[in-house]
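Number of protein chains: 2
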Amino acid sequence: MSTEEKVYVGSKPILAYVTAVITSFQKADSVKVMARGRAISSAVDIVEVTKRSFMTDINVEDITIGTERLGEEGHERNVSTISIKLSRPKK
Amino acid sequence: MSTEEKVYVGSKPILAYVTAVITSFQKADSVKVMARGRAISSAVDIVEVTKRSFMTDINVEDITIGTERLGEEGHERNVSTISIKLSRPKK
Chain A
0 MSTEEKVYVG SKPILAYVTA VITSFQKADS VKVMARGRAI SSAVDIVEVT
50 KRSFMTDINV EDITIGTERL GEEGHERNVS TISIKLSRPK K
Chain B
0 MSTEEKVYVG SKPILAYVTA VITSFQKADS VKVMARGRAI SSAVDIVEVT
50 KRSFMTDINV EDITIGTERL GEEGHERNVS TISIKLSRPK K
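As you go down the protein sequences, you meet chains A and B in turn. Numbered according to numbering that gives the first Met the number 0, the first sequence spans residues 0 to 90. Numbered according to numbering that gives the first Met the number 0, the second sequence spans residues 0 to 90.
Which copy is meant is left open, so a pair is good if it fits within one copy or across any two.
Lysine-lysine pairs mimicking BS3-like chemistry, simulated, CA-CA at most 27 angstroms apart: (1) Lys31 to Lys84; (2) Lys50 to Lys31; (3) Lys31 to Lys11; (4) Lys50 to Lys84; (5) Lys5 to Lys84.
Read the hints as simulated data drawn from the structure, not as lab findings.
This is chain A alone, in the form it adopts within the complex (with noise of 0.2 angstroms):
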């Protein structure tokens, strides 16, 4: 088991992304949430409430952030993005 999750952060509520975390964790050492734009706040916000209230043993092994093009040709948009990786120490 040293697979990694991905959990992409959009505009459904909070928990629902904290659960979809706690679930990747029953499958994969590490989580990786990832979010674009305006979601990047909710991607905090689910990885500090999966910490505080949830799993409390997880790390915050890395974050990244960067930017994307998004939009079709000559209609073209920069967006920015975050990847905030998760771990679990094994047991």
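Position chain B against the provided structure of chain A, taking the given hints into account.
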């Protein structure tokens, strides 16, 4: 010159903070971009715009996230925070 400047992100337009980051680098080797709650997405935008369009030589050295308790006694709430440390290689 080894001081660190801080830029606190609020609800002004992105470019106001981009300017603040650029100005801060005239006084210090590293700049921390700090934000809470919904402003977290803006903080990432500010760093990405600064790096891409104004100061292509800066590095994202460290990103940390956390939680702060805000509000008066009996009405406290948790707010997520981000701190993005930027540095510029010495010439």
